[in-house]
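Full structure from sequences and hints, please.
Protein chains in written order, with our numbering: chain A, 9 to 377; chain B, 55 to 303; chain C, 309 to 681.
Hints listed in this document are in silico derivations from the structure and should not be mistaken for laboratory results. All figures in this text were calculated on a predicted structure; none of them were measured in a lab. Using N, Cα and C, we set each Cβ at its ideal position, and we do this for glycine too. Each hint should be verified, as a subset may be incorrect.
Unchecked claim - Using 30 Å as the maximum straight-line C-alpha spacing, the simulated DSSO-like pairs for lysine-lysine come out as follows:
{"hint": "1", "chain 1": "A", "residue 1": "K18", "chain 2": "C", "residue 2": "K513"}
{"hint": "2", "chain 1": "B", "residue 1": "K63", "chain 2": "C", "residue 2": "K527"}
{"hint": "3", "chain 1": "A", "residue 1": "K74", "chain 2": "A", "residue 2": "K101"}
{"hint": "4", "chain 1": "C", "residue 1": "K391", "chain 2": "A", "residue 2": "K170"}
{"hint": "5", "chain 1": "C", "residue 1": "K678", "chain 2": "B", "residue 2": "K170"}
{"hint": "6", "chain 1": "C", "residue 1": "K353", "chain 2": "C", "residue 2": "K452"}
{"hint": "7", "chain 1": "C", "residue 1": "K513", "chain 2": "B", "residue 2": "K134"}
{"hint": "8", "chain 1": "B", "residue 1": "K212", "chain 2": "C", "residue 2": "K528"}
{"hint": "9", "chain 1": "B", "residue 1": "K134", "chain 2": "C", "residue 2": "K511"}
{"hint": "10", "chain 1": "B", "residue 1": "K212", "chain 2": "C", "residue 2": "K513"}
{"hint": "11", "chain 1": "C", "residue 1": "K382", "chain 2": "A", "residue 2": "K170"}
{"hint": "12", "chain 1": "B", "residue 1": "K131", "chain 2": "B", "residue 2": "K63"}
To be verified - Taking CB as the label site, the calculated pair distances span:
{"hint": "13", "chain 1": "C", "residue 1": "A376", "chain 2": "A", "residue 2": "D54", "range": "26 to 36 Å"}
{"hint": "14", "chain 1": "A", "residue 1": "S78", "chain 2": "C", "residue 2": "H623", "range": "15 to 25 Å"}
{"hint": "15", "chain 1": "A", "residue 1": "R118", "chain 2": "C", "residue 2": "I562", "range": "44 to 54 Å"}
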Amino acid sequence: MYTFIQFVKKEFLHIFRDYRTLLVLFGMPPVQLLIFGYAVRTEVNDANIAIYDRSKDYISCEISQKLLSSQYFKLTNYISNESEIEAGFRQGKYKVVVCFAPEFSKQLERTGNADVQFLIDASDPNISNLLYGYISSIIADYQNTKINKLSKAGWMVTPQIKMLYNPEMKSVYMFVPGLLALILMLVSALMTSIAITKEKETGTMEVLLVSPLKPSIIIIGKVIPYTLLALLNAFSVLALGVYVFGVPFKGSFILLLFETLIYLGTALSLGIMISTFAKTQQVALMVSLAGLLLPTTLLSGFIFPTENMPLPLQFISNFIPAKWYLIITRNIMLKGLGFSYIRNETLILISMMVFFLIVSMKKFKIRLD
Amino acid sequence: MISDKKVIKVENLTKRFGSFIAVNDISFEVGEGEIFGFLGANGAGKTTAIKMLTGLLLPSSGEATVAGFDAFRQSEKIKKNIGYMSQRFSLYEDLTIAENIRLYGGIYGLSNKHIKEQTNILLTKMKLIDYKNSLIASLPLGWRQKLAFAVAMFHDPKIVFLDEPTGGVDPITRRQFWDMIYEAVSEGKTIFVTTHYMDEAEYCDRVSIMVDGKIAAIDTPSKLKQQFNVKSINDVFVRLARPNMALNQ
Amino acid sequence: MRTILFLIQKEFLQIRRNKQMLPIIFFVPIVQLLVLVFAANFEVKLVYVTLVDYDKSSSSRSLVDKFASTGRFKFVSDYNSEKLAFQEIDKNIAKMALIIPRGFERNISRSEFPEIQIILNAVDGAAAGIIQNYAAQIIYDYNKELVKSMRLIQTQPTISTITVKERYWYNPELNFKFYMVPGILVVLVTIIGMFLTSMNIVKEKEMGTIEQLNVTPIKKYQFITGKLVPFWIIAMFDLALGLFLGKVLFHIPIVGNIFLIFGLASIYLIVALSFALFVSTVTETQQQAMFISWFFVVIFILMSGLFTPIESMPHWAQIVTLFNPISHFIEIMRRVILKGAGFFDVLQQVWILTVYGMVMLILSVWRYRKVSS
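Here it is in structure tokens:
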């Protein structure tokens, strides 16, 4: 036991000596959280628009005012000549141009119908779709309330919309569980695989293997410091998310801890498995980078919902541990659900862990023989 | 032939790393065409001294000129006139012999034709011509060291610095190595070599023995042996480096 | 100049010999492009809806049909109680519940403010916003039809309508891939270029080979150029390959001038790679270089406007993005490729990148030490 503690101590020293890596490991999660919390907004506010009003009568001005007074739009300039429009789009000055034909309100009064044209920069289809939605509802509202005085129109169907779990639709709610999954994976799998391959590369692994310590104990000793670091890191993100960004924590903390330990176990055994394959640090690094980090960020549902992906990608996403851990944390934190709702996900993580361990043990034995 | 012209002049040269003094106030001169041996235990400051003279490390104080250029201000000019073989093997293992030579020949501005001809002549002389296109990684250590020396000499420098060139090399290869050094000197080059093999010190024209960052003794091998009244340089070294041990004997 | 050529040749020889590096340089970015273009998608194609229709009238049915007929909503279950519907959302089977209260049809005909309830799982706020938008449009259309039918019944003469005519420029089919391919390509080329470059000098430090170079009379700018150019060529090649695949596989319209794209790419890559070289000169091990590059690349990507619009960011964050080379180049690529912007349309970005590149180059030449102290 004493030698084991000494061994773990040595591992800690290794980690603390490289303060730059440590700084990145501990500095990155809060910075990312700050970016997600404060800077990155998936909703559209203040989209730039330009107005090309050849009518300049009271209705066209009122509609323009109505658009600009909403939170969604911000005026960049009035356009006086059709030929200016294109250049502004190309320079990225605005996303939408509102065009009123001459004698707009006269036309409306005379025929009961007038067209207002919206030119939308659709290079980003999502945003243009959203903007179109905002525009049409603002215009419809104006038409009903101002022109037809139909504000009291009782026959109109109005939807009451209720946003469950995240009433303000904040993106941080999405990202805190995602960052937890990513950090735990990064610190434990990536760092373990690199640390073990480094010992192999420099030949110090042989020295350890001839020592009286059993190989499994050596691996455990190497893994413990990273486990603690990963947990510490994860909980700092959790605390920051809950206390600074007000992400709700509805479920049981003990349950989350329990599930986190299972996920951590899966990540660590994955790291160990990678290190039994990789010969050099660089290989371990690249495999972890291409095989772990990108899938964990992109195919797990962290940023992009997996339901929208093509079937082959949905299939692949099932093999990514982070996907299941994400479902678990969102269910516990945001929905406040109990274990019965996440039993299957837990079982999947456990079987992944067992699989990784069996493969690494097989691989390890072969090499010793 | 050792001429009176001094190509390396060092006066009160010192290097501090924080509070640790790696090289402490050393002074010496090396004449043109001389084989100057720099002896000392590991950590005595040999490598630090050689790095200051080759322009890899900025001295803390003192004066040093190499090939007539100042080590403080003209280190890039020094670099044009010297060859250097590092203590750590520093050729590219994933390049072939010919590619390594070509790279350094090119950096020193030799013409393609010259590089090609000289490579063939050199490798034939070293009996490595058949391995011209082998990766360095596939060669045994002794060959690699000889190659590193050849690369350091390839651009025909006036002064060649060798930092522990024979470390970890078998006795026969070491012997061949010294043949190469003698040949270089016969062409008028000056050799500055560090080693901790004391038998190699006997091959040098003059040796200096460094102990704890200072030069403890400097002279020709025979004079040093005379002065300490011992049979070999090894004994001189033991006297200087471990005075207590020597007394006990 | 000749010295630089020798250094470049050496780097290429080393890259060619590295059997693990070659697939990483050429194969991995392609696979990632293919995977990412499909994965990085905020489009909400199909929303699973659970229905609670207490009214069971022709009006409620026509509303439900209106939802289903768009092809965006699929009704997966039909309950008589809200509680069961909520459970479907809890279990992630349905993303949305549509609740039509009793008396819906009666309220329409009597003008007694008919209401419906839409419950959304908003854990993914962005997706919820998009779904809300879809739903609002459907209800808007439904109301319009009500107006029409009412005009027929009541012959109300005072109703006038303003028709919104939208025209989607530059991407009329609203193909999300057109928008993502140029952006993702920038990110991939940047990652490959920056990682290879940032690990390069530091690898020579770790192996000790840098000492042999430092003892030669090589000039600092020659060394840095010799390190920059090989990876610059590789990154340009990857970019060209990616654009070609984008054109062939995803039919990306390249409206702008292709030479302008590569001309501006060459400036951008100098920024990205000299940034990486600077990282390489200040670190001691490959692991450190990797982590530090990762740190910056992640921040650059998150704040690049690749996935989320820069205009929506708070003011301070928009100022920070001025120092983000990736965001400038993504902007350039999208404008030139999709909108056919010319050199003067992107002049501001070009200026920023040029100054940025010069500063980073000077910094890395300055920070690379031939003589340590």
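To see whether the hints hold, each was checked on the structure:
Only pairs whose Cα atoms come within 30 Å are accepted, and K18(A) paired with K513(C) is accepted, the gap being roughly 25 Å. About 26 Å separates the Cα atoms of K63(B) and K527(C), which keeps this hinted pair within 30 Å; it holds. Taken as a hint, the K74(A) and K101(A) pair is honoured in the structure, with Cα atoms around 21 Å apart against an allowance of 30 Å. For the given pair, K391(C) sits about 15 Å from K170(A) by alpha-carbon distance, which is consistent with the 30 Å threshold.
For a cut-off of 30 Å, the pair hint linking K678(C) to K170(B) stands: about 28 Å separates their Cα positions. This hinted pair checks out: K353(C) and K452(C) have alpha carbons roughly 24 Å apart, not beyond 30 Å. The straight-line distance between the Cα atoms of K513(C) and K134(B) is roughly 22 Å, inside the 30 Å bound, and the hint therefore holds. As the CA atoms of K212(B) and K528(C) are separated by approximately 23 Å, the hinted pair is consistent with the 30 Å bound.
Between K134(B) and K511(C) the CA atoms are separated by roughly 25 Å; this keeps the pair inside 30 Å, and the hint holds. Of the supplied pair hints, the one linking K212(B) and K513(C) holds, its CA atoms being roughly 27 Å apart against a limit of 30 Å. Taken as a hint, the K382(C) and K170(A) pair is honoured in the structure, with Cα atoms around 19 Å apart against an allowance of 30 Å. Under the criterion of a C-alpha separation no larger than 30 Å, the hint pairing K131(B) with K63(B) is consistent with the structure, at around 16 Å.
Here the CB-CB span from A376(C) to D54(A) is close to 35 Å, well matched to the stated 26 to 36 Å. Taking the beta carbon of each, S78(A) and H623(C) are about 19 Å apart, inside 15 to 25 Å as hinted. Distance hint check: the CB atoms of R118(A) and I562(C) are about 46 Å apart, consistent with the given range 44 to 54 Å.
The structure agrees with every numbered hint stated previously.
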